[in-house]
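> Spelled out, the chains give:
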Amino acid sequence: MKSFVPSSRLLRSLLPAFSLTVILIAIFYLQPRAMSYFGLNLLLNLALPIAFATLAQMCVITVNDLDLGIGAFVGFVACVGATWLNESPLLGVAVLLLCILAYAAMGALIHLRNLPSIVVTLGMSFFWLGLALLVLPTPGGKAPEWVREAMTFKAPGLPTTIYASALVALVVHFALMRSSYGAVVRGVGGNPRSVERAGWSILKAKMSMYALAGFFGVLSGISLIGLTTSADANIALRYTLLSIAGVILGGGEFVGGRISPVGAVLGAMTLTLAASFLSFLRISPDWQIGAQGAILIIVLALRVLINRTGKK
Amino acid sequence: MEPFVTLDGVGKNYGAVQALQHVDLQILAGQALGIVGHNGAGKSTLISILAGAQSPSDGKLTFQESGTSLPGYKVDQAQAHGIRCVFQELSLCPNLTVAENARILHPAIKGIGWKARARTLISEKLDEVFPGHGINPDDEVGDLSIAKRQMVEIARAFTRVESPIHLIILDEPTSSLDAIIAQQLLKHLRGFVDQGGACILISHLLEEILQSSDRVVVMRDGGIVDDRAARDFDRAKLVEAMGSVAKEHGNSGKTAKQRSTDSQPLVSIRPAQQGDTRRLQAYSGEIVGLAGLSGHGQTDALVDIYLEKRRDGQSPQKAVPMALVAGDRQVDGVFPLWSIGMNIVIGSMRQLTRSGLIDPEAEARLCKDWREKIAIRTPDMNNNILSLSGGNQQKALFARALASDAEIILMDDPMRGVDIGTKQEVYEMIREEAGLGRTFLWYTTEMDELEHCDHVYVFRNGAIVADLSGDEVTEQRVLQASFEESTDAQERSA
Chain F
1 MKSFVPSSRL
11 LRSLLPAFSL
21 TVILIAIFYL
31 QPRAMSYFGL
41 NLLLNLALPI
51 AFATLAQMCV
61 ITVNDLDLGI
71 GAFVGFVACV
81 GATWLNESPL
91 LGVAVLLLCI
101 LAYAAMGALI
111 HLRNLPSIVV
121 TLGMSFFWLG
131 LALLVLPTPG
141 GKAPEWVREA
151 MTFKAPGLPT
161 TIYASALVAL
171 VVHFALMRSS
181 YGAVVRGVGG
191 NPRSVERAGW
201 SILKAKMSMY
211 ALAGFFGVLS
221 GISLIGLTTS
231 ADANIALRYT
241 LLSIAGVILG
251 GGEFVGGRIS
261 PVGAVLGAMT
271 LTLAASFLSF
281 LRISPDWQIG
291 AQGAILIIVL
301 ALRVLINRTG
311 KK
Chain H
313 MEPFVTLDGV
323 GKNYGAVQAL
333 QHVDLQILAG
343 QALGIVGHNG
353 AGKSTLISIL
363 AGAQSPSDGK
373 LTFQESGTSL
383 PGYKVDQAQA
393 HGIRCVFQEL
403 SLCPNLTVAE
413 NARILHPAIK
423 GIGWKARART
433 LISEKLDEVF
443 PGHGINPDDE
453 VGDLSIAKRQ
463 MVEIARAFTR
473 VESPIHLIIL
483 DEPTSSLDAI
493 IAQQLLKHLR
503 GFVDQGGACI
513 LISHLLEEIL
523 QSSDRVVVMR
533 DGGIVDDRAA
543 RDFDRAKLVE
553 AMGSVAKEHG
563 NSGKTAKQRS
573 TDSQPLVSIR
583 PAQQGDTRRL
593 QAYSGEIVGL
603 AGLSGHGQTD
613 ALVDIYLEKR
623 RDGQSPQKAV
633 PMALVAGDRQ
643 VDGVFPLWSI
653 GMNIVIGSMR
663 QLTRSGLIDP
673 EAEARLCKDW
683 REKIAIRTPD
693 MNNNILSLSG
703 GNQQKALFAR
713 ALASDAEIIL
723 MDDPMRGVDI
733 GTKQEVYEMI
743 REEAGLGRTF
753 LWYTTEMDEL
763 EHCDHVYVFR
773 NGAIVADLSG
783 DEVTEQRVLQ
793 ASFEESTDAQ
803 ERSA
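Chains as they are written, first to last, in our numbering: chain F, 1 to 312; chain H, 313 to 806.
In short, the hints are calculated from the structure, not lab data. The structure displayed is predicted, hence computed values, not measured ones. Yeah, the Cβ is synthetic: ideal placement off N, Cα and C, and Gly gets one too. Watch out, some of these pointers could steer you wrong.
As the list claims (entries may be wrong) - To give an idea of the interface, some chain F residues facing chain H are shown, with a C-beta separation under 10 Å as derived from the structure:
#	residue
1	G123
2	F126
3	V135
4	P192
5	R193
6	R197
7	G199
8	L203
What the hints assert, rightly or not - Covered by chain F, according to a simulated footprint, are these stretches of chain H (three or more residues, beta-carbon under 8 Å):
#	region
9	594–606
10	646–657
As the list claims (entries may be wrong) - No farther apart than 25 Å at their CA atoms in a straight line, the calculated lysine-lysine pairs in the DSS-like style are these:
#	chain 1	residue 1	chain 2	residue 2
11	H	K437	H	K422
12	H	K735	H	K680
13	H	K685	H	K621
14	H	K422	H	K372
15	F	K204	H	K680
16	F	K204	H	K386
17	F	K204	H	K427
This is chain F alone, in the form it adopts within the complex (with noise of 0.2 Å):
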């Protein structure tokens, strides 16, 4: 038994890269003019925002708590960019470095009063969006130049969209994973006290965790203004649930500060894609939710499955 932990663990750490090449083989399958260097620009298009999003979602879930307010405040972020942060950029810059610091003060708030963090992030994203509606009350603005540019740049080889993923995946890895102050941080998130009793400030961690997050929020926001030029303040709603499928997705756990930062990122592809892959099946979009919470069972219960074989 003692040899087949590590094996068990390495097989779940794989299962994220794993879902990721079958929907992918699959998609070849079903339409082989994918395969091309245009096709999956097309395909993986929408996949770096929700990756900006979901490691924003793990930051929080590392310090054992959720965010449901992700989704509207990357519609917020959009807006502010869409506007602000186009026709004045310092007020722009000036605005988003706020909202950093709103969501450190967030994490404050939370760890100080002891609140649950689903209650004060929900409540936050009411927040959001009424201030997202304030600034931009229609769909519409206009991104900058800058933005769209970097966003539609034409990498040699493999779309941009894969590099920058890799490039993320790879800097919140070390920065989480293999950096002396990441392992205090996943520390909180495995055994509070423990931390605490060393002498290490956990208000520290969690702002710190929290202002990392609103840093993605707000990169996802821009990123995804490049891609569609304009904005609306409903325009991230759904990436609140998308970027909690994408953490577990990816191998994350909601308790207990296990989290997998490549792992992430795989799992908000795996779930880009697996729209894609839907629409090829010719689903029918009144389906297509209920079909990618199929996949989602689908590749939780493999994990399920491979956390018994490991513990007989």
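Place chain H on chain F using the hints.
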């Protein structure tokens, strides 16, 4: 030997409960200090204060090197003074590797190559303390067995990066270790002390304390009652010192109910770990105590009784209504969002419903009755349950059980953290209800409460080791039975 730290009149109270009162203690460098005492004697509170995890309500700590450091004595200061503590409950992060857990303890391990350094640090210490441990520093702690986790935690406490270690506190360090590994630890501890370190060892294994400490302190009811060189103690003396010596009033005046051998017991179970055929039995109208050190299978026995009785309840003629009074109020007891009244009547829903709906008048009547009967101190039973003090919340839980039609009432150490006045009221009520024919099964870690029992079963390692009735229930006997294991273990290893 010079003192490393001196405690002057250190006390700690949680609300009305005095966990520690006016403790004067000198911890000397180069001496192993053993602390013994029954559950709730204040040992854990004392070391939490020393480790900076809790701040004392009064008194002061004086360090020989730097003078007084109260108030504001916190974990980081304790660490700066070279104090390391291994707490009773395992306190590692299960999602991190062994090396990462070592890093958590040492802020100084950072920068490039930190993981390699953490790995070496913990591996070397593990090799030194527990040769042949078989733990890989890259193993995730959650994957390790409980014994290995404890080994990692102990080794981690001995690791040293910058400041030297002056005092190591070990709270029940050997509770999950087998005899050989425990010996390895005690040997290492001796080496540490011989080099001038101070050490505090807390253990329920009295032999272990006598064998490895130089000096032994006995605690009882939040205070120190004896403090002598270890060679002046033996097992019997320790047990005697831990119990209340002047206990004359004990069982006087109370006559044990004679158990009739021909009638059927209401409850009869055999604990899962019981090697022989001994059974826990309770007859109608009895108060039966489940004693022993905490966590030795008493709660499991209560759960077993509940499950077995519920199985029997499938056939109507055997159905016996039951109720449980939880000890861990926050987890198993109160509904925190409900009012006091709702918390009480929830146990009696069956009697209060008429044609499928709750009868509000009957509900209000029941509330009013019990408020008077049990004297819950509140202006309004519709107030939230959390507006009550801990003791009064516990009374409400008793009211829930007693108001129901339960004939058997299971109590899972219900008096934890309840002040003495409330306790007396509840004892009174239990005796009264037992007189009316209800049966109580009462797990308690407090000696005084066993006096109220007609019959006491002492548990150790999940099995019944003593079965005392009436006059036999003395603190001495219960303690003897609870602690016998250490002698068994000695005989086995010899």
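> Now tell me if each hint is right for this structure.
Do the hints match the structure? See the list:
no. : hint            : in the structure
1   : G123            : violated (19 Å)
2   : F126            : violated (23 Å)
3   : V135            : violated (38 Å)
4   : P192            : holds (9 Å)
5   : R193            : holds (6 Å)
6   : R197            : holds (6 Å)
7   : G199            : holds (4 Å)
8   : L203            : violated (14 Å)
9   : 594–606         : violated (count 0)
10  : 646–657         : violated (count 0)
11  : H:K437 x H:K422 : holds (19 Å)
12  : H:K735 x H:K680 : holds (22 Å)
13  : H:K685 x H:K621 : violated (29 Å)
14  : H:K422 x H:K372 : violated (34 Å)
15  : F:K204 x H:K680 : violated (49 Å)
16  : F:K204 x H:K386 : holds (17 Å)
17  : F:K204 x H:K427 : holds (22 Å)
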